[in-house]
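Novice: These are the residues of each chain, in order.
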Amino acid sequence: MTALLEVTGINKRFGGVHAVHNLSLTVQDGEILGLIGPNGAGKSTVFNVINGIYPPDQGRVVFKGQDITGEPPYRIARRGVARAHQIVQPLASMTVLENCTVGACFGQADLPLGRARDVVHEAAEIVGLTDRLDHLAGQLTTAGKKHLELARALSARPELLLLDEVLAGLNPTEIERMIAVIRRIRDRGIAILMIEHVMRAVMSLSDRVVVLNLGGKLAEGTPQSVTRNPDVIAAYLGEPEPTAVSEGL
Amino acid sequence: MTAHESFSGAAEAAAPRSEERDGLLAIILRHPFAWLIALLGLVFAILPVWGDNVQLRESLLLAAVYVTLASNLNIVLGYAGYVNFGNIVFFGLGGYVCVYLVSEWQWPLGVAALIAGILVSLLALIFGLGILRLRGAFFALATIGVNEAVKAFVANFEPWGGAAGIYLSLDVYEPLGGPGQALWIVYFLIVAVMTASLFLSYAIKRSKFGLGLLAIGENEDAAAVLGVHTPRYKALAYSASAFLPAIVGGLYFFKTGTIEPGGAFDLTRSIEAIVMVMLGGIGSVTGAALGAFLYEELRGVLLTTEAFSHFQLVIAGLLLLGIVLFAPGGLMGFVYRRWPRARRLLQ
Chain A
528 MTALLEVTGI
538 NKRFGGVHAV
548 HNLSLTVQDG
558 EILGLIGPNG
568 AGKSTVFNVI
578 NGIYPPDQGR
588 VVFKGQDITG
598 EPPYRIARRG
608 VARAHQIVQP
618 LASMTVLENC
628 TVGACFGQAD
638 LPLGRARDVV
648 HEAAEIVGLT
658 DRLDHLAGQL
668 TTAGKKHLEL
678 ARALSARPEL
688 LLLDEVLAGL
698 NPTEIERMIA
708 VIRRIRDRGI
718 AILMIEHVMR
728 AVMSLSDRVV
738 VLNLGGKLAE
748 GTPQSVTRNP
758 DVIAAYLGEP
768 EPTAVSEGL
Chain P
11 MTAHESFSGA
21 AEAAAPRSEE
31 RDGLLAIILR
41 HPFAWLIALL
51 GLVFAILPVW
61 GDNVQLRESL
71 LLAAVYVTLA
81 SNLNIVLGYA
91 GYVNFGNIVF
101 FGLGGYVCVY
111 LVSEWQWPLG
121 VAALIAGILV
131 SLLALIFGLG
141 ILRLRGAFFA
151 LATIGVNEAV
161 KAFVANFEPW
171 GGAAGIYLSL
181 DVYEPLGGPG
191 QALWIVYFLI
201 VAVMTASLFL
211 SYAIKRSKFG
221 LGLLAIGENE
231 DAAAVLGVHT
241 PRYKALAYSA
251 SAFLPAIVGG
261 LYFFKTGTIE
271 PGGAFDLTRS
281 IEAIVMVMLG
291 GIGSVTGAAL
301 GAFLYEELRG
311 VLLTTEAFSH
321 FQLVIAGLLL
331 LGIVLFAPGG
341 LMGFVYRRWP
351 RARRLLQ
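Just so you know, the sequences run in chain order A and P. The working numbering applies: residue 528 is where the first sequence begins, and numbers increase by one. The working numbering applies: residue 11 is where the second sequence begins, and numbers increase by one.
Hint data in this document are derived by calculation from the structure and do not stem from the laboratory. Any given hint could be a false lead.
Claimed, not checked - DEER-style ranges, computed between Cβ atoms: (1) A:G641 to P:T314: 47 to 53 Å; (2) A:E747 to P:L331: 57 to 63 Å; (3) A:D594 to P:G327: 50 to 56 Å; (4) P:L355 to A:G665: 43 to 49 Å; (5) P:G327 to A:G665: 46 to 52 Å.
Quantities reported herein were computed from a predicted structural model and do not represent experimental measurements. Built from N, CA and C at the ideal position, the CB exists for glycine as well.
Bound-form chain P, shown alone (with noise of 0.2 Å):
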């Protein structure tokens, strides 16, 4: 029993995941990406008010919005290992039942984004105790199955508007101070919820219930035969990733100020996600924050661009391709091989 003492010395260089409970303060000082999470999110926030530069805010807040699919997808993804094809039905239904809440019970923004993010994330629950025990490639068929399932029923759901969606009334952004004020409020909001997602990654990353999640994705059966309660694991991860999504497509949806099945529930945006994690470097909180932003800046460019601007799908589809088999860790992957020590300062 008193051989550990002795290597004490060796387990402080060896063992990163290893932490006492202790002061606010030392916990900060020994966590220095969550001080490059806090300042990214000031930046987004700052960068458009400077010269009240509306463009710059627009793509900015694209970027939050694909930097969030990303980041939750992840959780899910990255540390758990399992590729849910249909994410975007999380966003979707979380639109929908902000955009509902605030048109037709005239609650605040606010109020209605959180109830949309707490009720999607236990619809995510039910659904993940079900179709989590499944793996592989049925898993994935599974949640494109959610997504379609999802958007048939609303499609037929009379009072969120069927296939015509809910339009929302110029009157629901005078509570924010007019339109113009409200497009500022939900850009600052977006952004806090960028910045919440990418600290919920980090957070999980570096916990108990991240260890279990990474144990799952590395081998399932060898976690369960170590004690990690896997499917209670994987459907409290699946549920955790539904939640600030949810609240982010009630947010985007109020800022569109409509909302349509086809366009709530779009496939095409659950695979970008992907992409973009695949990009950054799959189970990297930074990967998955700067493959979103890499991707959604080069799409910008293929749309803009009079040669690309129909085939920005077949890059993207390319793109996936090309990181699959040549770098599946992506540009962080390369990193962290490259530099070992980044490791520890961008996870």
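Excised from the complex, chain A in its bound form (with noise of 0.2 Å):
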């Protein structure tokens, strides 16, 4: 069986620095992988060369069984592969419909301008945006900024959703409902990657764990099997307490 995305051995060199190293994951159709690590790890790297923001030094990024390596990001959204920013990219001066109607007119869907209206409602009912279509997407909240990095992806009618830290900035009541809006996503087929810091969504949400650090694959399983792993511990606290992973770090 072929994964939905098989990455295979990236490296990516900044000068001096090895933010990845020799990484390789998949993701299943319908799966939700977590990618956990302390700060630094690399995470953002990696999503970065898995959209094409900038081409593995070395390794190859397969998407659908299509090799999609150093591709311009635009091509890969095309292909199916959308993308919430961690730090928020908002189209200021246009609405939040506006914003999620380049999702739909321009991702996967790549609808005609009138056709766009539908899947963007239903974007914005999945996330809650509904009532705030008209407004500004420069003067929503942080949290409504979330909402729309999310909302937009997913007008895009993606096969694969790259979550960037959606809940950091968001207080205890936006990340519940934020939890129960990922799981509605996956629970309509798209396979969903995602870096998280809050520990809590993560080990309630994903279905498997690859925890990075120093730019290298540090763990892989099961969000039990990963929080017990000594490794895993020492890497976080640098102390045997595994109780003290389950919190937001």
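Hints in hand, dock the two standalone chains.
Specialist: Listed below in structure tokens is the structure:
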């Protein structure tokens, strides 16, 4: 069986920094894969390589059986990979509706302008932005902008969603809501690769977890097995105290 | 999958961009702004005919040329967010191609102007694919470079008369019924090109292509991640913004009867076009037209006022500074803020 996304042996250096070191991972259809690790572990670099912000120095990225290594981001988006950024990137003086329409018209859905509306409304409904469609993106709250990132990515009707810390900066109530939203997205058959620091969310949402440290893979497995892994505990805390890992870092 | 149905009512109100493809009449009714453009073209065409007012015609001709330059510049500057300092190169090059075809090859004016538009547009596409890799100040510098390079090339290109340029003989006006009638015909053609420019700006703004350009203007990296083919879109916008200015350049220099490198590739005009777009409101179709018209009228007043005649460009510079510092949205930015509904009617 071939995976939806297969990343094989990627390396990425920035000057003297070896940001990603010989990393391989796979995402299966309809799965949520959590990507965790301490700050600076290379998680966002992995995302940037997958969606074509920059090519890897070595290694291959295969999506739906096709080699997409080094393709520009707009081509990868067309193939069905959408991304919600860690640092929100709203098209600030456009409305929420227009932001999402860009997603629907240029992403995998590739819709004509006139047919984007239904898709956008559906995405906004899932994320809970329906009442703010005519607001300017730049005037949304932080949580609102996070929701917009997600709605815009969903509007593209992707097969793989890259979520880069969509829970960061949200309060506990908003986190609970967002976790429910992510579940709903997965239930629609969209595979998710998720970078997250909020451990509660990672543990409850992920089917599998990959732990990165210093650019390389430290551990991989179910959330439970990973949290019991002594290497992981050492990397995060430097002391064998498994219960401490389960709260946000 | 059923969720969106219950929201279709709200969708109507919140979805100015989303339109179904349907009949021509329905499209016309839904686009009052297109009617305003057509009306403006008619007013321009009729006003000077009324009372055979040649002085008014000359003033409106210049205004129409500037509206054309400003609204096409707006596609790159206002929509895609790229400052094209060398925008006048399209105007000058179009002028040269057209004048050359008319004078050396005796081509009819309309055909020569159209060919000029197509050639310059293609050239812009090639240049665009190269220089649009640059961003911000580097792109702006490169556009000045393009203009200066073309100017230097033309000044040394003997078939186009080198530094002396090309002078048209009065014979070229004969097919149009003599110089007097030719001036009227050229005027109507320029007004038609101006109207076409405004239609083009409007059509692009309301299209998927325009949405992609606006996304690039807001945040190019985010646009690419969302799937906008940024290099292609930018190059196409740059190329599209060259077509009508090249045609209007051809018509304008046919009318003046002479073209030389200094007048054809005058950076001052480039900068004035930027002032016009900024004055009217960057990204607004109405704004570009309004800014061009007002600036042209202001310039006319300054040039004919003794005290200011030498300081016309100083005023332009101060105006640009004032807009950038205090009113980055220009006149239409103010209007849109004051009357948000105006955004629908005056695009």
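Novice: If a hint holds in the structure, say so; if it does not, say that too.
Specialist: Structure-based check of each hint:
{"no.": "1", "hint": "A:G641 to P:T314: 47 to 53 Å", "verdict": "holds, 50 Å"}
{"no.": "2", "hint": "A:E747 to P:L331: 57 to 63 Å", "verdict": "holds, 59 Å"}
{"no.": "3", "hint": "A:D594 to P:G327: 50 to 56 Å", "verdict": "holds, 54 Å"}
{"no.": "4", "hint": "P:L355 to A:G665: 43 to 49 Å", "verdict": "violated, 24 Å"}
{"no.": "5", "hint": "P:G327 to A:G665: 46 to 52 Å", "verdict": "violated, 30 Å"}
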